[in-house]
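Start counting the first sequence at 415; every next residue gets the next number (the numbering used here).
Think of the hints as simulated: they come from the structure by calculation, not from any bench.
These figures come from a predicted structure and were not determined experimentally.
Please note: incorrect hints may appear among the correct ones.
As the list claims (entries may be wrong) - Below, computed lysine to any residue pairings styled on SDA-like, alpha-carbon distance capped at 25 angstroms:
1. LYS455 x TYR546
2. LYS455 x ALA603
3. LYS455 x SER429
4. LYS455 x PRO418
5. LYS668 x PRO462
6. LYS455 x ARG489
7. LYS455 x ASP419
8. LYS668 x PRO621
9. LYS455 x PRO621
10. LYS668 x ASP439
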Amino acid sequence: MAAPDVRVATWNVNSIRARADRVVDWLQRADVDVLAMQETKCSDAQFPAMTFLGAGYEVMHCGHNQWNGVAIASRVGFEDVQTGFEGQPSWSGGKDGHTVEARALAATCGGVRVWSLYVPNGRAVDDPHYRYKLEWLAALRDDAQSWLRRDPESQIALAGDWNIAPLDEDVWNMDLFRGSTHVTEPERAAFRAIETSFTDVVRPFAPGPGTYTYWDYTQLRFPRREGMRIDFILASPALARRVVHAEIVRDERKGGKDRIGPPSDHAPVLVDIGGGDEAGRRVEPTAGADADNAT
DNA sequence: ATGGTTGCACAGCAA
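Input sequences plus hints: build the corresponding full structure.
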């Protein structure tokens, strides 16, 4: 029996309370089944769950305060919800001491094990946060590889804001970024270490250069098309074989009078998982020409 | 004009 088709997306929403209407509006327009969110920037009690429920999505959230916060919305069910991963490093730079931050949440939805991941930013190469970032990625690699050893056929999506631009072409001006976080060799090596067992299933459908998922709010970066590719969906081998389509939905980075408030500084990224037989999900043509840079 | 933008705790950080 073929597995069900499922459309899985990831989106750094930059505050879910400021963006819930916009996010749910997109979920419905884009026909998304499962959405991994990052930077919800709220506690569990503050999460606007009713907005999602009203549209037919259940939500699981992990948030402690105004920082970080990860969530998963699903209209294809929830199983085996897990907060954090085994060995997830804690952060001791905050004023409340040693805490395991709200940066990882997993659930099995529609047969796919979806991880919503918010990799630490790193801030600066000489900042303790940078070391924390590398330790965090190494611990994730260890745990993720153990899941595959346990079941090589497991259907796992590592989705989120990785805060790494793996290739030079993933930033708009490498000369400007060289030596800064997101592009250093240790960060890229940490990403590649995870890519030895999980595959970026979006890049083949949305190749660069000039294809980004994040644009800084300042300096007119978005209309100037000066961004970074730092949001990724990495799939386990068995899941990667089922991917029939993927895209970065740049349109959702736009503002405009028809939208509800300012956009996130990230665009959503989605993949279509086919049923595992020859008849995959019918793929809608990508929305028309993207000459419009409207903010 | 040495900035430029968001969001949160509405003040100064974090991104």
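Discussion item. Hint compliance check: list the failing hint numbers for this structure, sorted ascending.
Written reply: When the structure is compared with the hints, numbers 2, 4, 7, 9 turn out to be violated.
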